[in-house]
Amino acid sequence: MKLRFGALGLGLLSMLSFVFAIQWGAANISVTDVVTCLVSECDSAVTQSILWQIRVPRAVMGFLVGAGLACCGAILQTATRNPLADPYLFGIVAGAGLGVVVVNLVFPGTPLALMPFAAFAGALLSVLFVLALARYFFRVEMILLAGVAIAFMFGAITQLLLYVGEPFASNRIIFWLMGSLSSASFTQISILLPLLISAFFMVLLSHRQLDALLLDDDTATTLGVNVPMLRVLLLLGCALITAVIVAFCGGIGFVGLMLPHIVRFLFGGTSARLLVGCFFVGGIFLMWVDVLAKELLSGQEIPIGIITSAIGSLFFIGLMVQSKRHAG
Amino acid sequence: MTAIVGPNGAGKTSLIKCLLGLYAKYQGSVMLKGQDLRALTRQERAKVLAYVSQQSEVMAELSVLEMVQMGLLPHHKWYEFAGESRQDKAMQALQRVGMNHASQSKLSTLSGGELQRALIARALVQQPHIMVLDEPTNHLDVYYQHQILHLLSTLGISVLLTVHDLNLAAQYCDHVLLMHKGKVVGQGSPAEVFTESALTQVFGLPCSVSVSHAQGKSVPNICFHPDFNAQSFNSEQSAIPHSSQKPSQHSMQKTAQHSVKNAAQQLKPDQGVNKGESS
Chain S
4 MKLRFGALGL GLLSMLSFVF AIQWGAANIS VTDVVTCLVS ECDSAVTQSI
54 LWQIRVPRAV MGFLVGAGLA CCGAILQTAT RNPLADPYLF GIVAGAGLGV
104 VVVNLVFPGT PLALMPFAAF AGALLSVLFV LALARYFFRV EMILLAGVAI
154 AFMFGAITQL LLYVGEPFAS NRIIFWLMGS LSSASFTQIS ILLPLLISAF
204 FMVLLSHRQL DALLLDDDTA TTLGVNVPML RVLLLLGCAL ITAVIVAFCG
254 GIGFVGLMLP HIVRFLFGGT SARLLVGCFF VGGIFLMWVD VLAKELLSGQ
304 EIPIGIITSA IGSLFFIGLM VQSKRHAG
Chain W
-12 MTAIVGPNGA GKTSLIKCLL GLYAKYQGSV MLKGQDLRAL TRQERAKVLA
38 YVSQQSEVMA ELSVLEMVQM GLLPHHKWYE FAGESRQDKA MQALQRVGMN
88 HASQSKLSTL SGGELQRALI ARALVQQPHI MVLDEPTNHL DVYYQHQILH
138 LLSTLGISVL LTVHDLNLAA QYCDHVLLMH KGKVVGQGSP AEVFTESALT
188 QVFGLPCSVS VSHAQGKSVP NICFHPDFNA QSFNSEQSAI PHSSQKPSQH
238 SMQKTAQHSV KNAAQQLKPD QGVNKGESS
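Listed in order, the protein sequences are those of chains S and W.
To convert, take the position in the first sequence, counting from 1, and add 3; that gives my numbering.
Just so it is clear: in the second sequence, position 80 is 67 by my numbering, and no numbers are missing.
Next up, chain W with everything else stripped away, as it sits in the complex:
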């Protein structure tokens, strides 16, 4: 399980959109199991990569089961009609995310955490090697944030997600990419990447990191100490992402191009194929 972290506008979303083939205009290449992503058709790509976008609600009046079945789209030809097996596969996926009791509920009646789990079930039905999620913990309270990340870490497939909460990333992910202004500035285990100096530089806030050791893992615990009156804070304005310096979408795309290759190499070591190994 890999997390991409970084300030707003660091290029996290641009990076995963390049990886997913949603942006086609980038330099370099995204290699997936030794194949250029752009050489694959949409359908072939859809059988390898599943995407759960940032979504807080779904417009349509669909039931959970109907929505989850959409994940089967890349696996069926257009002339194949609906069958019992489609429902079975969708129900199995719902069972894995603990939502089988709500299969007939309308999407509009679900809570944020339930909707997120249903969306993950839809991606699971796609039988991807890698599941990519854009901020799956957005809009969720603490309980559901942990529930979703725990669920993702137990799926047994490679998971790549962007997340804002560094402590969540540290707790559940075994690999993190730290991004800043469109570049990957750090990668490795959370303990290696989340150092006080690196985080202070990227997020523009002083912080302290204490490392705890649990179950053979060292988990850094990050706490920021903003001091909005300090002189040093103002002088570091350039590092603050909310300022007018936020790069435009276009330039983001360009800068993200450079990180694509890096990140792709991270994904490449056939993580997806060894299902049991990754978490």
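Just chain S, with the same shape it has in the complex:
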């Protein structure tokens, strides 16, 4: 399948998904209402405000977050040649979470707009730690192990802070850490969208360099790739995107880990296919998971991170069973 047609098809599917996803929610809005609202004027002012102030930003945010996490996972898996890599295992999420928790608990009343900066500072700290450790051991394999160690360390500090912190604030943060799109707004979109799109196209343009990393570092170098530089840039880019996502939506696990595997299975393993596939499939996936989060329990919203983690673990067991069958 040609990549162009594939991307076009996935783009159309995303549009369709979007229209159908935003009809779900507490208030009943039919697909016809949605379409009328999107293409012309809404029938009622209530529908208008529900759609444009709650559902549309939330669905768009869901798409962007899913796309971002899936692409980060794909990039990290390629950059480290490790199928288990994702923003969580790298300590990026833990670092971003710590940043937000510190700012929230130590300086209560900090405006929401500053959260991405706090998250990025934390994420940057964890990436620098990981890179320093990996550089010390001088092996790619060490990056992931260092990431796991850092993730646990930062996680421990976060939990300690939550434990000793003021209970009401701690509770709020614990709920946020589970992940939710409920605070989605056009402000958040206006920050995440340009970041994500520019990072996405920058990585997509260097997809052949990424491909070369799939073989081994020496081969990539002899193909003319500046391997250490490329790897550091990719890690920092992922840290930035993940930090913004964590600051807005908390922890949403397993998307970065499992989506690249599904996309690889569906569309093939070259970086271009993987990235384009992850962008759309990740986006569509999270948009629908958010619908599940809203609809599964009536009158109550489940944190989206719980659902992705549950689906993720099932998926993982499935993957193991599948690989055992393949091995005979």
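Bear in mind the hints are in silico, worked out from the structure with no lab data behind them.
Fair warning: there could be bad hints in the mix.
[Claimed, not checked] Looking from chain S toward chain W, a few residues come up when the C-beta cut is under 7 Å (computed):
hint, residue
1, 138
2, 142
3, 144
4, 214
5, 215
6, 219
7, 222
8, 224
9, 226
10, 227
11, 264
12, 272
13, 273
Ideal placement from N, C-alpha and C gives every residue a C-beta, glycine not left out.
For this one, chain S is given, so just place chain W on it according to the hints.
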């Protein structure tokens, strides 16, 4: 076609990594067609030297054709999009290694010999003057060992490889470098280098060499006779590479530095440019 031979830890891999520019910190210089290798950019280097590393498997879910196209990387700018010509070039390379039937196969389904040939095709697409291979016959059975070396000897470009099997080197290469403890201790045609005294000294095992003449070439045939009970064997422990004497990576790098210049001179006589001549 040149082979670098020597015991484990003799500095074979360090030497080729210096030649490829993977290690930058060495004394002396690697001259390539009259130019210092370190003065070239990565991309320029990539158009002259192609490298096939020691690799028994590839992680990614790629098809053979996709992997071979990676070799085109140094020849294209980042903004050039994929085209039919990329596929054609990759298919031509696959044809040269006899793998065109498997272009759509996944790498994970290939046998060791097929993967090695696919990796060689990737290096061929790079259109290098010199192809450098690190133990291409590792993990392969006898049939594939001969198949790969025969293939390499018919490519029509200069090939530099490290190999453990001395008889394979003697059979297919027209030039060998014998390395020991980071130094080149012998170089020339296989018949000149593979003498009983030199091999016994380097590998620490008594051996006998019989020379056969075939197609105008004298091919030495080496057979080692280890006698692990003999007193002389124990006394020569220092020559045995498996002992704790194996030098560290760092000191290897240092000692390999001295051989770089030597070896580079071997490569230098514009072997790569006269495509028809070398084999």
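Here's how the hints hold up against the structure:
{"no.": "1", "hint": "138", "verdict": "violated, 16 Å"}
{"no.": "2", "hint": "142", "verdict": "violated, 12 Å"}
{"no.": "3", "hint": "144", "verdict": "violated, 12 Å"}
{"no.": "4", "hint": "214", "verdict": "holds, 5 Å"}
{"no.": "5", "hint": "215", "verdict": "holds, 6 Å"}
{"no.": "6", "hint": "219", "verdict": "holds, 6 Å"}
{"no.": "7", "hint": "222", "verdict": "holds, 5 Å"}
{"no.": "8", "hint": "224", "verdict": "holds, 6 Å"}
{"no.": "9", "hint": "226", "verdict": "holds, 5 Å"}
{"no.": "10", "hint": "227", "verdict": "holds, 4 Å"}
{"no.": "11", "hint": "264", "verdict": "violated, 10 Å"}
{"no.": "12", "hint": "272", "verdict": "holds, 4 Å"}
{"no.": "13", "hint": "273", "verdict": "holds, 5 Å"}
Of the numbered hints listed earlier, those contradicted by the structure are 1, 2, 3, 11.
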